[in-house]
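Chemist: Protein chains in written order, with numbering that gives the first Met the number 0: chain W, 0 to 470; chain X, 0 to 565.
Mixed in with the good hints, there may be bad ones.
Some chain X residues well away from chain W (every beta-carbon gap over 12 Å; in silico) [stated by the list, open to error]:
#1 ALA115
#2 ALA285
#3 ASP302
#4 ALA481
#5 ASP483
#6 ALA499
#7 GLY508
Pair ranges (Cβ atoms, derived) [as the list claims (entries may be wrong)]:
#8 W/GLU176 <-> X/PRO416: 46 to 52 Å
#9 W/TYR318 <-> X/PRO545: 48 to 54 Å
#10 X/PHE560 <-> W/ASP323: 54 to 60 Å
#11 X/GLY517 <-> W/HIS187: 33 to 39 Å
#12 X/GLU280 <-> W/VAL55: 45 to 51 Å
#13 X/ASN270 <-> W/SER56: 45 to 51 Å
It should be emphasised that the hints constitute simulated quantities derived from the structure, not laboratory data. Don't be surprised by glycine CBs; every beta carbon is placed ideally from N, CA and C.
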Amino acid sequence: MATIDYEQKIPNNVDLKSDKKLQRALEKWLPDYIEWWKDMGPTDFNENDVYLRTAVSVDRDGWADFGYVKMPEYRWGIFLTPTEKERIVGFGDHFGSKAWHEVPGEYRNMLRRIIVTQADTEPASVEQQRMLGHTAPSLYDMRNLFQVNVEEGRHLWAMVYLLHGFFGRDGREEADELLERRSGNPDHPRILGTFNEPCTDWLSFFCFTTYTDRDGKFQLLSLAESGFDPLARSCRFMLTEEAHHMFVGQTGLGRIIERTCELLKEHDGRDVRELGGIPLEVVQKYINFWNSSSNDLFGGEISSNASNFFASGIKGRAYEEKLDTDHRANEGIYTMEVFENGRLTTKEVPLRNAMNEVLRDEYVSDNEKGIIYFNKIVERHGVDFRFHLPHRRFNRKVGIYSEGWFSIDGTPISETEWLGKVGEWLPTQEDRDYVQSLMVPCLEPGKYAPWIAPPAKGIDGKGIDFEYVKL
Amino acid sequence: MPASTAPTQNLDAECADVMELTPFQTHPDRYRHWRLSFDGDRARLEMNVQPDGGMREGYELKLNSYDLGVDIELADALSRILFEHPEVRVCVITGTEDRVFCAGANIHMLSTSTHAFKVNFCKYTNETRLYLEDASEHSNKRFLAALNGTASGGGYELALACDKILLVDDRNSAVSFPELPLLGVLPGTGGLTRIADKRKIRRDRNDVFSCVAEGIKGKRAVEWNLVDRIAPLSRWDEAVSEMAGEMADELPTSDAVGIELAPTPFTVEGNALRYEYVTLELDHAARTAELTIRIPDEAGPSDGAAAHAAGSDWWVLRAFRELDDAILHLRFDLPQIGLVTTRVVGNSAVVAATDALLATDDHWFVRETRNLVRRVLKRYENSAKSLYAIIDGGTAFTGCFLELALAGDRTYVLNDPDTPVHLGVTAANAGMYPMANGLSRLETRFLGTPEAVAPVLAHRLDRGGEVIDAETADELGLATFAPDELDWEDELRLAIEERACFSPDSLTGMEQNIRFAGPETMETKIFGRLSAWQNWIFQRPNAVGPNGALKCYGTPRRPEFNYDRT
Ligand SMILES: [Fe+2]
Ligand SMILES: [Fe+2]
Numbered sequence: 000m001a002t003i004d005y006e007q008k009i010p011n012n013v014d015l016k017s018d019k020k021l022q023r024a025l026e027k028w029l030p031d032y033i034e035w036w037k038d039m040g041p042t043d044f045n046e047n048d049v050y051l052r053t054a055v056s057v058d059r060d061g062w063a064d065f066g067y068v069k070m071p072e073y074r075w076g077i078f079l080t081p082t083e084k085e086r087i088v089g090f091g092d093h094f095g096s097k098a099w100h101e102v103p104g105e106y107r108n109m110l111r112r113i114i115v116t117q118a119d120t121e122p123a124s125v126e127q128q129r130m131l132g133h134t135a136p137s138l139y140d141m142r143n144l145f146q147v148n149v150e151e152g153r154h155l156w157a158m159v160y161l162l163h164g165f166f167g168r169d170g171r172e173e174a175d176e177l178l179e180r181r182s183g184n185p186d187h188p189r190i191l192g193t194f195n196e197p198c199t200d201w202l203s204f205f206c207f208t209t210y211t212d213r214d215g216k217f218q219l220l221s222l223a224e225s226g227f228d229p230l231a232r233s234c235r236f237m238l239t240e241e242a243h244h245m246f247v248g249q250t251g252l253g254r255i256i257e258r259t260c261e262l263l264k265e266h267d268g269r270d271v272r273e274l275g276g277i278p279l280e281v282v283q284k285y286i287n288f289w290n291s292s293s294n295d296l297f298g299g300e301i302s303s304n305a306s307n308f309f310a311s312g313i314k315g316r317a318y319e320e321k322l323d324t325d326h327r328a329n330e331g332i333y334t335m336e337v338f339e340n341g342r343l344t345t346k347e348v349p350l351r352n353a354m355n356e357v358l359r360d361e362y363v364s365d366n367e368k369g370i371i372y373f374n375k376i377v378e379r380h381g382v383d384f385r386f387h388l389p390h391r392r393f394n395r396k397v398g399i400y401s402e403g404w405f406s407i408d409g410t411p412i413s414e415t416e417w418l419g420k421v422g423e424w425l426p427t428q429e430d431r432d433y434v435q436s437l438m439v440p441c442l443e444p445g446k447y448a449p450w451i452a453p454p455a456k457g458i459d460g461k462g463i464d465f466e467y468v469k470l
Numbered sequence: 000m001p002a003s004t005a006p007t008q009n010l011d012a013e014c015a016d017v018m019e020l021t022p023f024q025t026h027p028d029r030y031r032h033w034r035l036s037f038d039g040d041r042a043r044l045e046m047n048v049q050p051d052g053g054m055r056e057g058y059e060l061k062l063n064s065y066d067l068g069v070d071i072e073l074a075d076a077l078s079r080i081l082f083e084h085p086e087v088r089v090c091v092i093t094g095t096e097d098r099v100f101c102a103g104a105n106i107h108m109l110s111t112s113t114h115a116f117k118v119n120f121c122k123y124t125n126e127t128r129l130y131l132e133d134a135s136e137h138s139n140k141r142f143l144a145a146l147n148g149t150a151s152g153g154g155y156e157l158a159l160a161c162d163k164i165l166l167v168d169d170r171n172s173a174v175s176f177p178e179l180p181l182l183g184v185l186p187g188t189g190g191l192t193r194i195a196d197k198r199k200i201r202r203d204r205n206d207v208f209s210c211v212a213e214g215i216k217g218k219r220a221v222e223w224n225l226v227d228r229i230a231p232l233s234r235w236d237e238a239v240s241e242m243a244g245e246m247a248d249e250l251p252t253s254d255a256v257g258i259e260l261a262p263t264p265f266t267v268e269g270n271a272l273r274y275e276y277v278t279l280e281l282d283h284a285a286r287t288a289e290l291t292i293r294i295p296d297e298a299g300p301s302d303g304a305a306a307h308a309a310g311s312d313w314w315v316l317r318a319f320r321e322l323d324d325a326i327l328h329l330r331f332d333l334p335q336i337g338l339v340t341t342r343v344v345g346n347s348a349v350v351a352a353t354d355a356l357l358a359t360d361d362h363w364f365v366r367e368t369r370n371l372v373r374r375v376l377k378r379y380e381n382s383a384k385s386l387y388a389i390i391d392g393g394t395a396f397t398g399c400f401l402e403l404a405l406a407g408d409r410t411y412v413l414n415d416p417d418t419p420v421h422l423g424v425t426a427a428n429a430g431m432y433p434m435a436n437g438l439s440r441l442e443t444r445f446l447g448t449p450e451a452v453a454p455v456l457a458h459r460l461d462r463g464g465e466v467i468d469a470e471t472a473d474e475l476g477l478a479t480f481a482p483d484e485l486d487w488e489d490e491l492r493l494a495i496e497e498r499a500c501f502s503p504d505s506l507t508g509m510e511q512n513i514r515f516a517g518p519e520t521m522e523t524k525i526f527g528r529l530s531a532w533q534n535w536i537f538q539r540p541n542a543v544g545p546n547g548a549l550k551c552y553g554t555p556r557r558p559e560f561n562y563d564r565t
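For reference, chain X alone in the conformation it holds in the complex:
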């Protein structure tokens, strides 16, 4: 068993309420709910949820319904396919249950979860589905949802995230959204967004479809574009294979050799989680966490082959995987932490050198690492935490780490000639890591003054520019505040104390509304509209009250609604 797994570990005793750490790292050898197999350029991912394999007591994962544990394995499987099997061109996602592909998120799990967990669960599952689409867009892969039985709710939403959907035509299996008619909630894992914005189905048909619990099957499902194709039971395997073949043929073949994704273990010492490059230090009393990313002294690989040889030990890949894991712990396991202060310490030149390699296109592994950095940056800025970048002596907010500063809410830059700071701009800041809105973070930051972007990019280290000091950072609009050494400590203390005292709900709402200026995309709609509505419904008595639909589901009682529209 790889050392990666963070089986439930204990933070020290004085913070007993946050001791349980969710294990986000896993390995195909240990999957309980999926079977992952490879055959040449084909991968096959079979959903095979163990009813008694729930992440906690109190619910049974019947009919391939899922909980967080199932989705963690799905996310891991995607990473394995991308990094360990670059030769794969098409991945078939199907199920092992008879007549049922997947029944969606487990209702009993949801109805017995805290609001905060539900919100984070939905966010995570949404990110995993976007991950799948991201792989299709950037990683020479196609995904085929081979629905061997009914796909309802989250089951159909998973299919919608795939490039194509093939539904078995057994006169029984359907795709459906029973959330509204049966459960009084929404298909909130991107479902409503994707039928409208991705599959571009007519609004009246979407309306009808979303109100019919049993869903739509067969020819009508194709006619309405709910699925791409249907195939009879007798020809099922053949049809899947045929369709997968067609999809694979749209893409170039690859003889690339994968790397092994090693675990990214951490230790818990006192109030700190320590990874190799990332440290998360918690101050429970202040409700804050200090996130530190340590840049190594040497950049290491300078070309794709060398990076590939380093594999998952390539520092930048490892650092961002660790960051990803730390973010998930912050979200799920540390709800009381409201503010994360982030420092990136080390040498700007090291980041600049690695960024130069990350900007190149010719090696699949470099591209794949870049894709991962992009996703982790998005996950960071889509967290319900206040995020301050602390840019003081010894820090290196350069390139992809400058992105991390820009992904936060505020940047505090120390303006002290005796302790100079070094911010650095690289290709990473020039569009390599677009946000969910499709724009770079600089473009989003300067939405109202687009002319402010070029002066920042004029400092690109890869084009002969110089590192940026505090005053220049302030002039360029990169610093929220640039206090001098006399003010620094006080300003920071006050800013942190003040933040920790505001209503956490209004902070989350405020941050989510102002972080993503600019155009809407399917992704921004999923998090900004669908999730927001879903989270609202999750608080409403009609869903979660004693007689709410979610509470009554599976009991002999019928829900009682308050019929007032808001």
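The following block holds chain W by itself, in its conformation from the complex:
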């Protein structure tokens, strides 16, 4: 096999050029990855120059190197956030002991599972979004889509680095399987439900990047605290990229809302559908769908896995290091509402068993801020509509609330009531058909589809009419 110039081809700060084990693993995996990208990545845009950001080093300027690049030639790199001091295990039973630089044998399987589960979401989202390039509402949005896609690819790399570097043969096999599962495939689907949902319109894409990528943010935050140092530092670096994905989602939804509000104001009283905009009610329904589905990604409310992960020092709470609290969390109690015998009752759960819920709390409060942002837009336009975050009990498929029916505000209801209301809460086929009907590409520099407002500014100081993708 031809030797690869690792430093040039694969930007990294893990001393890849002297790590024979890693080189060998990557040499075999890399061609499969490129094949996967060509098969399952954005369709039909592999030959186009896209104005992308590439992380070439962990320095201040190095992580955002902009330029035109063809996506299959993107330089996916491997970066760990550098640390100045010796890290300690920041929580759980090993609290205070030195962080691990190798996988502790005792936790090998647990760690591998957690890394594989995280890793699986990265290529999954690329697969989910692969058709969207054809219906981009602008070159600016198309470029953002591809930026998200290549960075999800890099996130896969980051996780594969851990599998290759620390888990031997098992790790290599898992890395191969990451390229074999396919989003939505009935025989070998992606691991988590949300990542098998189709994402074929841009409203869904913006909801996905707002809510599902924000789940990613919190999973990464909790893994960034891990006692397994390479995992913690990989996740810290990934968080910088994740922030951009949420920016794409949040501003994307904001621009749709903005456009609808403009239409409502210009043509008072008319159905925005007639004007080619997306009704705010439909936006709310899409938010309801993607937010509730993403809530599931945090796992069961009462979970012995979560407890084990925490106790072992593998997965902490978001910002664990900064929390002024008992980092062992051995004694604490978490009070939650559980659904038993058809009604809600309050229950005290050992804190460690409630770690999924603790993380979901952070997620929910972050989402609330996003809703405030949307409502500021409608307020500014004087439109009489307010967005709401659906209750965490709403429309759940995972956890204790999946056993009952709950209204959008979390009230237990009957199945009949649910069936009567579901069309008001979740997108109907009619809504979906309508949104799909708007998905017409708008690919002239500076032009934006009629259902979305242009962004406030461009990327990397470029204008909003910059040729972000050369078609």
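Given the structure of chain W, go ahead and fit chain X with the ligands onto it with the hints provided.
Modeler: Showing chain X with the ligands alone in chain W's frame:
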């Protein structure tokens, strides 16, 4: 006094909790509890337990009751009879106490022992009794239990391990299993297995017998086949001699000359026990031990006469005796060690040459050495430790040492062209060393794919085959994992660390359930069924709780049972 004895030695101070090493080596000159004498083709082994000769304080060995020390001497005596007196055809096992042959394992010793000790004690005593049967099957010897008085519990179990049982008919002496009715435990040293599977007594009679504390004597004992014959006190000596003579006459005579079994001393250096061929290095923090067996550079004897001349210095005999001793220390003295990683270092050709001699039948000493290797391999795989064979550069897992790899739980084979490994197949792998289930280790390994055995045996070095490299070993199904040089260290470290963290109880249970695939034999039933039940009972409040039968025995209190059946 031979240098062999490992009187209680000290491992270094940092592991103070494991300093006490049980002395498993002894010599007839130093027996306290047995008298061993020889007369032509007869051996006589008299049980004469010294009440104050217990292995530790706190109990008295009354009525020829025994503890580990007594059984160590019994095992030694068997070895002496086999190796030092090949001319012996029959061995009479009897006692020196009046009216009592043997009262079994000492109850106070048991009730004051840790669970782990009880389990290992029972395993050891079971192995000794199987050793006796093994000698009868393979070594031109017969054993006569001449019960000169009552044989109860372990006393009768010892008799059951003999070929024939003669009971004195003094209208008083009986054979009995008082364990269930008096002690709330089981006759767990093979007793229940042997009355059913060896003496093939009817189940209802076994049921009755096992519930009657005072046992069964005289004619009924014969009628039920609990004993073979009875003899009155007045004719006792004559009857013993007569019966021993009959038994001897079933076997060919032998004018073979024995060898002297020299001790196999070891030294303790830091955390290591060093024998001549075997080294056991302990890592207390990691709860692991590295067991290394060093093959000598030269095979030495190439025929039976030369091996006989070398005697107990013949390297293979010595190496396996050392291994046996090391295993016993691991079991009794190093309970915290959960995983043993085994390496056999040296030259495959040396092992192959010695195996070729071991495969021959014409010299008694060669056969006897082979018997010992077989027993030690069984003892190794019947240990409550996780066993990994580490097959990397410089190792020689060939023949009888390939058996050692197969006797473990996993084999890690280094696949590195720059550091080739050499596994070798010999006659030793083709049925010379059957497991407790009666099958060879290869047959057991490939129980579901019997066709996989022949391709392995096709590599037999004694039939023109070649040593096996890592990739071939992997293809043949001999490697659990065959990581290459880049993965090797990490794979091994992770496998070892992971193993050391699992529950030791579930590991033992798991290993014992999957090591012995295939048919049941009396031996597998003893370890897999009787011992497992006994070990369960040993944990139950009805036996060991404050009001349990074992705790109340010998006190004025009566046991209180929880009568719920499980
Ligand atoms: Fe990601
Ligand atoms: Fe993302």
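Chemist: Is the claim that X/ALA115 lies outside the interface with chain W correct, judged by CB distances over 12 Å?
Modeler: Nearest chain W Cβ is 23 Å from X/ALA115, so the label holds.
Chemist: Go ahead and decide if the range 48 to 54 Å is satisfied by the Cβ distance of W/TYR318 to X/PRO545.
Modeler: holds (52 Å)
Chemist: Mind verifying the non-interface call on X/ALA285? Its CB should be farther than 12 Å from each CB in chain W.
Modeler: violated (10 Å)
Chemist: The hint says 33 to 39 Å between X/GLY517 and W/HIS187; measuring C-beta to C-beta, is that right?
Modeler: 37 Å Cβ-Cβ, so the 33 to 39 Å window holds.
Chemist: Between X/GLU280 and W/VAL55, does the beta-carbon spacing fit 45 to 51 Å?
Modeler: holds (48 Å)
Chemist: Quick check for students: does the CB of X/ASP483 sit more than 12 Å from each CB in chain W?
Modeler: violated (9 Å)
Chemist: Would you assess whether X/ALA499, listed as outside the interface, keeps its beta-carbon beyond 12 Å of every beta-carbon in chain W?
Modeler: violated (7 Å)
Chemist: Does the Cβ distance between X/PHE560 and W/ASP323 fall inside 54 to 60 Å?
Modeler: holds (55 Å)
Chemist: Holds or violated: is the Cβ of X/GLY508 farther than 12 Å from all Cβ atoms of chain W?
Modeler: holds (19 Å)
Chemist: Could you say whether the range 45 to 51 Å given as a hint is met by the Cβ separation of X/ASN270 and W/SER56?
Modeler: holds (47 Å)
Chemist: Checking the smallest CB distance to chain W, is X/ALA481 really beyond 12 Å?
Modeler: violated (9 Å)
Chemist: Given the hint of 46 to 52 Å, is the C-beta distance from W/GLU176 to X/PRO416 inside that range or not?
Modeler: For X/PRO416 against W/GLU176, whose Cβ atoms are near 28 Å apart, the range 46 to 52 Å is violated.
Checked against the numbered hints listed earlier, the structure breaks hints 2, 4, 5, 6, 8; every other hint is satisfied.
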